[in-house]
Amino acid sequence: MSLEEALSRRAERVEKLRGLCAEIFARSPNISLEIGCGKGHWLSSYAASRPDETCVGIDIISERVRDSQRRAKNKNAQNAFFLKAEAGEFLEAMPPDMRLDNVFIFFPDPWPKERHHKRRLMQSPFLEFLRQFAHAGTKLYFRTDHAEYFESARAVVEESPSWEITGETELPIEEVSQFQRILPEFSTFVAKAV
Numbered sequence: 003m004s005l006e007e008a009l010s011r012r013a014e015r016v017e018k019l020r021g022l023c024a025e026i027f028a029r030s031p032n033i034s035l036e037i038g039c040g041k042g043h044w045l046s047s048y049a050a051s052r053p054d055e056t057c058v059g060i061d062i063i064s065e066r067v068r069d070s071q072r073r074a075k076n077k078n079a080q081n082a083f084f085l086k087a088e089a090g091e092f093l094e095a096m097p098p099d100m101r102l103d104n105v106f107i108f109f110p111d112p113w114p115k116e117r118h119h120k121r122r123l124m125q126s127p128f129l130e131f132l133r134q135f136a137h138a139g140t141k142l143y144f145r146t147d148h149a150e151y152f153e154s155a156r157a158v159v160e161e162s163p164s165w166e167i168t169g170e171t172e173l174p175i176e177e178v179s180q181f182q183r184i185l186p187e188f189s190t191f192v193a194k195a196v
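Using the working numbering, the first residue of the sequence shown is number 3, and each one after it goes up by one.
The set of hints was computed from the structure by calculation and includes no laboratory data. Please read all numbers here as calculations on a predicted model, not as lab measurements. Positions of the beta carbon are idealized from the N, C-alpha and C atoms, including for glycine. Careful: at least some of the hints might be erroneous.
[To be verified] For lysine-lysine, the following PhoX-like pairs were computed, each having C-alpha atoms within a straight-line distance of at most 25 angstroms:
#1 Lys120 to Lys86
#2 Lys115 to Lys75
#3 Lys86 to Lys141
#4 Lys86 to Lys75
#5 Lys120 to Lys194
#6 Lys115 to Lys18
#7 Lys115 to Lys194
[Claimed, not checked] Listed next, with one range per pair, are the computed distances between beta-carbon atoms:
#8 Thr168 to Pro127: 34 to 40 angstroms
#9 Arg121 to Asp99: 27 to 33 angstroms
#10 Glu116 to Gln80: 43 to 49 angstroms
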């Protein structure tokens with residue numbers, strides 16, 4: 003596939019997401035977004051505890067999205083929406099006046115081999131891209147069980163001119179996710195957009 007074809011397909015996916023998300027985006031000018039929502043344990047509970055917020059969870063695995071949708075329905079979290087989407091494409095699909103209130107990234111793939119570190123989500127270009135969709139004060143919650151990735155992600159945020167570490171380590175709510183249940187230790191940091 004040529005670069006032109008790849009870019010054309012990406013543009014089609016973004017446009018399709020805009021259509022799928024039109025009703026969600028119409029609910030509120032601000033949303034809370036979980037990137038890599040897994041099976042929706044955490045975001046379903048969060049949304050159920052905050053019925054006035056519009057909450058969106060995205061994942062690239064269809065089965066996880068379906069599980070998340072069922073979980074939200076079981077928790078009566080009518081303000082939680084789950085979609086199959088890549089983070090960059092979802093952000094591009096958002097209306098230009100929409101902003102993120104909160105971003106949750108929990109247990110992302112750490113890509114532990116050094117040659118794969120370039121695939122990690124928490125990198126400077128992603129943070130700067132994400133900032134375009136945030137307002138001053140938007141919070142970014144990051145949690146991982148991989149110590150080296152935690153330090154790397156924290157360093158990326160500390161070097162960013164657009165985000166600053168708050169010193170907080172608590173999430174708005176604690177709900178044990180599928181990944182957290184099997185992981186003995188993890189670390190959390192919170193940053194805010196400046």
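Out of the numbered hints, which ones does the structure contradict? 2, 6, 7 and 8
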